[in-house]
Amino acid sequence: MFYRENGQFKTSYKADQQVFAIPQDRWAIFALVVFAFVGVPMLVDEYMFRAILVPFLILSLAALGVNILVGYCGQITLGAGASMAVGAYAAYNFLIRVDGMPALAAILLGGLMAAAVGIVFGVPSLRVRGLYLAVATLAAQFFCDWAFLRIKWFTNNASSGSVSVADISLFGWTISSPTDKYLFCLGILVVFSVMAKNLVRGNMGRQWMAIRDMDVAATVIGIRPMYSKLTAFAVSSFYLGVAGALWGFVNLGSWEPAAFSIDRSLQLLFMVIIGGMGAISGSFFGAAFIVILPIFLNQMLPLVGSLLGLQVSIALVSHVEFIIFGSLIVFFLIVEPHGIARLWATGREKLRLWPFPH
Amino acid sequence: MAFFLETLLGGLMSGMLYSLVALGFVLIFKASGVFNFAQGAMVLFAALAMARFSEWIPAWLGMENLFVANLLAFVVAVAIMFVVAWLIERLALRHLVNQDGATLLMATLGIAYVLDGIGQTIFGSDIYKIDVGMPKEPVMMLESVFEGGILINKEDFIAALIAALLVISLSIFFQKTATGRALRAVADDHQAAQSIGIPLDRIWVIVWCVAGITALVAGIIWGSKLGVQFSLSTIALRALPVVILGGLTSVPGAIIGGLIIGVGEKLSEVYLGPFVGGGIEIWFAYMLALVFLLFRPQGLFGEKIIDRV
Amino acid sequence: MTDRTHSERIIFHDAIETMEVDFSSMTFADIAQVDAVYDEIERQLTATGQRWFFLVLYTDCVIAPEAWDRFAARGKSANVNHGRGSVRVDAKAETREAIRERAGKESFRSNIYDTRDQALLALGEMRKRQRDLAKGADEVFLRVDNVSLRFGGVKAITDISFEIKRGEISAIIGPNGAGKSSMLNVINGVYHPQEGTITYLGEVRQQMSPRAAACQGIARTFQNIALFKGMSVLDNIMTGRNLKMKANLLQQALWFGPAQREELAHRAKVEEIIDFLEIQHIRKTPVGRLPYGLQKRVDLARALAMEPELLLLDEPMAGMNVEEKQDMCRFILDLNDQFGTTVLLIEHDMGVVMDLSNFVVVLDYGKKIAEGTPDEVRADPNVISAYLGASH
Numbered sequence: 008m009f010y011r012e013n014g015q016f017k018t019s020y021k022a023d024q025q026v027f028a029i030p031q032d033r034w035a036i037f038a039l040v041v042f043a044f045v046g047v048p049m050l051v052d053e054y055m056f057r058a059i060l061v062p063f064l065i066l067s068l069a070a071l072g073v074n075i076l077v078g079y080c081g082q083i084t085l086g087a088g089a090s091m092a093v094g095a096y097a098a099y100n101f102l103i104r105v106d107g108m109p110a111l112a113a114i115l116l117g118g119l120m121a122a123a124v125g126i127v128f129g130v131p132s133l134r135v136r137g138l139y140l141a142v143a144t145l146a147a148q149f150f151c152d153w154a155f156l157r158i159k160w161f162t163n164n165a166s167s168g169s170v171s172v173a174d175i176s177l178f179g180w181t182i183s184s185p186t187d188k189y190l191f192c193l194g195i196l197v198v199f200s201v202m203a204k205n206l207v208r209g210n211m212g213r214q215w216m217a218i219r220d221m222d223v224a225a226t227v228i229g230i231r232p233m234y235s236k237l238t239a240f241a242v243s244s245f246y247l248g249v250a251g252a253l254w255g256f257v258n259l260g261s262w263e264p265a266a267f268s269i270d271r272s273l274q275l276l277f278m279v280i281i282g283g284m285g286a287i288s289g290s291f292f293g294a295a296f297i298v299i300l301p302i303f304l305n306q307m308l309p310l311v312g313s314l315l316g317l318q319v320s321i322a323l324v325s326h327v328e329f330i331i332f333g334s335l336i337v338f339f340l341i342v343e344p345h346g347i348a349r350l351w352a353t354g355r356e357k358l359r360l361w362p363f364p365h
Numbered sequence: 041m042a043f044f045l046e047t048l049l050g051g052l053m054s055g056m057l058y059s060l061v062a063l064g065f066v067l068i069f070k071a072s073g074v075f076n077f078a079q080g081a082m083v084l085f086a087a088l089a090m091a092r093f094s095e096w097i098p099a100w101l102g103m104e105n106l107f108v109a110n111l112l113a114f115v116v117a118v119a120i121m122f123v124v125a126w127l128i129e130r131l132a133l134r135h136l137v138n139q140d141g142a143t144l145l146m147a148t149l150g151i152a153y154v155l156d157g158i159g160q161t162i163f164g165s166d167i168y169k170i171d172v173g174m175p176k177e178p179v180m181m182l183e184s185v186f187e188g189g190i191l192i193n194k195e196d197f198i199a200a201l202i203a204a205l206l207v208i209s210l211s212i213f214f215q216k217t218a219t220g221r222a223l224r225a226v227a228d229d230h231q232a233a234q235s236i237g238i239p240l241d242r243i244w245v246i247v248w249c250v251a252g253i254t255a256l257v258a259g260i261i262w263g264s265k266l267g268v269q270f271s272l273s274t275i276a277l278r279a280l281p282v283v284i285l286g287g288l289t290s291v292p293g294a295i296i297g298g299l300i301i302g303v304g305e306k307l308s309e310v311y312l313g314p315f316v317g318g319g320i321e322i323w324f325a326y327m328l329a330l331v332f333l334l335f336r337p338q339g340l341f342g343e344k345i346i347d348r349v
Numbered sequence: 002m003t004d005r006t007h008s009e010r011i012i013f014h015d016a017i018e019t020m021e022v023d024f025s026s027m028t029f030a031d032i033a034q035v036d037a038v039y040d041e042i043e044r045q046l047t048a049t050g051q052r053w054f055f056l057v058l059y060t061d062c063v064i065a066p067e068a069w070d071r072f073a074a075r076g077k078s079a080n081v082n083h084g085r086g087s088v089r090v091d092a093k094a095e096t097r098e099a100i101r102e103r104a105g106k107e108s109f110r111s112n113i114y115d116t117r118d119q120a121l122l123a124l125g126e127m128r129k130r131q132r133d134l135a136k137g138a139d140e141v142f143l144r145v146d147n148v149s150l151r152f153g154g155v156k157a158i159t160d161i162s163f164e165i166k167r168g169e170i171s172a173i174i175g176p177n178g179a180g181k182s183s184m185l186n187v188i189n190g191v192y193h194p195q196e197g198t199i200t201y202l203g204e205v206r207q208q209m210s211p212r213a214a215a216c217q218g219i220a221r222t223f224q225n226i227a228l229f230k231g232m233s234v235l236d237n238i239m240t241g242r243n244l245k246m247k248a249n250l251l252q253q254a255l256w257f258g259p260a261q262r263e264e265l266a267h268r269a270k271v272e273e274i275i276d277f278l279e280i281q282h283i284r285k286t287p288v289g290r291l292p293y294g295l296q297k298r299v300d301l302a303r304a305l306a307m308e309p310e311l312l313l314l315d316e317p318m319a320g321m322n323v324e325e326k327q328d329m330c331r332f333i334l335d336l337n338d339q340f341g342t343t344v345l346l347i348e349h350d351m352g353v354v355m356d357l358s359n360f361v362v363v364l365d366y367g368k369k370i371a372e373g374t375p376d377e378v379r380a381d382p383n384v385i386s387a388y389l390g391a392s393h
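Protein chains in written order, with the numbering used here: chain A, 8 to 365; chain B, 41 to 349; chain C, 2 to 393.
No wet-lab data here; the hints were simulated from the structure. Keep in mind that the hints are not guaranteed to be accurate.
[Claimed, not checked] Have a look at the derived ranges for each label pair, beta carbon to beta carbon:
{"hint": "1", "chain 1": "B", "residue 1": "V331", "chain 2": "A", "residue 2": "V223", "range": "24 to 34 Å"}
{"hint": "2", "chain 1": "A", "residue 1": "G354", "chain 2": "B", "residue 2": "L131", "range": "17 to 27 Å"}
{"hint": "3", "chain 1": "A", "residue 1": "L133", "chain 2": "C", "residue 2": "F257", "range": "55 to 65 Å"}
[To be verified] Facing chain C, from chain A, some residues (calculated, C-beta under 7 Å):
{"hint": "4", "residue": "K21"}
{"hint": "5", "residue": "N205"}
{"hint": "6", "residue": "G209"}
{"hint": "7", "residue": "N210"}
{"hint": "8", "residue": "M211"}
{"hint": "9", "residue": "I330"}
Beta carbons: idealized from backbone N, C-alpha and C, even for Gly.
Full structure from sequences and hints, please.
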């Protein structure tokens, strides 16, 4: 970051349209990805993979989905968990009901199914906006909670109500160890992130943002609100569905509908608010923050408590977590609605100019 | 027939309670355009305060009188809700003036989390009971009309009465008092109201206080029925369809919406539930509201939204 | 003088309505030679009894300085009497300069091309333009008939009719609340009138839809700037190209290939508009950070990116200072001139309206009280009493 971009001129629109237009940025990101694939597996222990990295990767993917809908298209959703559930259960059913279905195909089909359902639940967005839409997505959430709990067909008549998936394999590679799971999720996340970035920097993304920022003006220049909103719902639900399937297949192994409850929906929304609405990188920041904070508090609070001579119960830790999350939401909405991603960008901007103020 | 009527009445009673929570939503939305997701958290917070102080106060003062203890606890709880209202306005909403609805909604989600966290940290997270002397025994009504009569819970009946009373007094407050008029002016147009000298900040604090009191009443009624516990917080989720149905800006809408949802829930659960595996109460209300929303986006009594370019 | 007769150098291409004249390797030493050639040309032209496009080949043609004035005069008279337009091929540098100079004087375009193929291509476009114009002359460009619009009990527009001609700059004026913006909203389909019809490009309809309007080349700007606040200037203008972008969702997600090619092609077009409106320096700035005047300009840029036939401008100069107004006037005149865009604008600045427009419609309380040229409107007693009275 201690570099300056002046003196770097672009001579074609192609060069100007690159995702990372500054060569230093490009190399830094490339190095980061290589490190994630090669370096991390050599450095990190199993606990790290299971407790932090795998959840982080999958929730990042889900947050990407929510960000497309909320951050880019401006359609608030409280039903993200429902899309994850649809993805997970659809993938499960594809896997067990179709002979020889490859796991990856099942996961993607789960995503597609979630997209289809997402379109249906996106229909109210054509008539209602903002708060009303939030309520409509809640309807989706509660309906899915109920459906996967009560309709036995979805769970293959499992008596306990929970379903489980054995270790999946990909072209002969059995994904069983935490490292395998990490690499598998990382691969998917990288591909999906690139695609998300491509979508939001192109025509589709501009249409979404146009609908978000000023829908009447968008219609006047020929953007179809229905098409734009429903594609946002579809793409977002696809991402969420794939994330849901991964959450079930890879992270949990066996799960119940409660894994995708309204709490999950709110958690994803919070990730996007804290991480940064309308920024791809915000999804990663938000997911990292929300995965790490509880673990951090669990470690730190008892420590602080013992220093002060107080007994810190688990309940208290979870209450403090609530308070911190809640305050941060309000704080970010007031101070920096574009979240950590914008803070990061501003910081970089400042560093690039440093020591000059402008 | 008697069974149908019983279900219907049961629905109306619980609908009245939904209305009470919905009323809190409507009050705040009308005056400040905030869709207060934290209403449920406020209900929990208020109920927790009430329950714990009615326990603590007798212990501190060393007295036995349940009525006095409840009264004191109620006063303390009201005071606490005022402080909460003031803090919410001061720390959060004041800084979010002129933001769009979705942002405010998300902010209240945050506030809900904070309230849940603080409430349970201070007052504990077990199940507590509120005993304000509500009669628990059921009574039979209309025995002369139907064979066996209709079974009605006296407690529900009283609760419905209290709710009705609160609605009436709120209506009077809105229509007849100067503060009420100021509130309505603010609801119509923030800037115009401000320009004729209505202090916005104070009005908003007042609205949140009133919403706090409705939350307290709702908390007491629900709490004495079901016990005060964390799940009380999710009551807001039950009341949301009510507001959607009734229209966000209409007090009568909240009442009638509450009754419709209450009855709809009960009837659907009883007559439809068995066929689809039960437990449909919660989403049925939402679907009802949603279908309604598609045909009348502004709700039953809401104001029609016209886009200006 | 030459190895061919004059008549051999003249070929009529009936299919493309073009007369080709080959001056290559000819020398016009004096006025007499010029006359000799042009007499033959005029004779043949007169004989056909119709008008032609001219394709003139100048390869190695030499024209003596003393013959130049005669040459230009005869050329012009041929064009005026029998021509529909002309293209020239491969003039030598000095000939080229001379043609340019004289063309400038006579105020007609000097279409000079390097090869005959290029000239033919240009000729084709010229013919197409003329054909479109001829067709457009018969059909109604935009006409509203007896349009009424109500919001509940409030009458915003009552029984208004007027017609806009292709290629003109027209204006709607009137006091606040006269229904001007509502009229624009009716034309581009944001509001749906209860009564009346809108005829656009010969097609009659009860109401427009915003998308249909956009697809048929109606663009507009807004009174209270309606830019997409979260996006950069460039992205805002790029949204104006959305109707012309065809890559599907999957192609866009993969980016490389069709999506990228398309993106680059439209970027180039958008850059032309950015140059035209002189906003190069702010192309990467988020629009929210721009001053008001520049935002108005970006709003116009977004509309222009649609390459509209009809441009609706809702108070394009409201809230601007004098310099900004002058700039905006210049842009409106230029775009009307260069792209042939028809403009319908609402404006409160009477000076601007009277200077810019060919035709003015005056509304008051939702009714039309006058229409005509700026001078007619200015003289209209109704207008003076209703509107201008106060300011005169």
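- Task: Let me know if the C-beta of M211 (chain A) comes in closer than 7 Å to any C-beta of chain C, holds or violated.
- Result: holds (5 Å)
- Satisfaction of the N205 (chain A) interface hint, Cβ to chain C closer than 7 Å: Holds - the Cβ of N205 (chain A) comes within 7 Å of chain C, reaching about 4 Å at its closest.
- Holds or violated: is there a CB of chain C closer than 7 Å to the CB of G209 (chain A)? holds (5 Å)
- Distance restraint hint 17 to 27 Å, applied to the beta-carbon atoms of G354 (chain A) and L131 (chain B): holds (26 Å)
- Message: Assuming the hint says 55 to 65 Å, is it satisfied by the Cβ distance from L133 (chain A) to F257 (chain C) or not?
- Response: Distance hint for L133 (chain A), F257 (chain C) is violated at roughly 33 Å.
- Proposed interface contact between I330 (chain A) and chain C, which counts if any beta carbon pair is under 7 Å: violated (31 Å)
- Item | Hinted contact N210 (chain A) with chain C - closest CB pair below 7 Å | Where the cut-off is 7 Å and the nearest Cβ of chain C is about 4 Å from N210 (chain A), the hint holds.
- Query: Is the distance from the Cβ of V331 (chain B) to the Cβ of V223 (chain A) consistent with 24 to 34 Å?
  - Reply: holds (26 Å)
- Task: Identify whether the interface hint at K21 (chain A) stands, where standing means a beta carbon of chain C within less than 7 Å of its own.
- Result: holds (6 Å)
Consistency with the previously given hints fails for numbers 3 and 9, ordered from lowest to highest.
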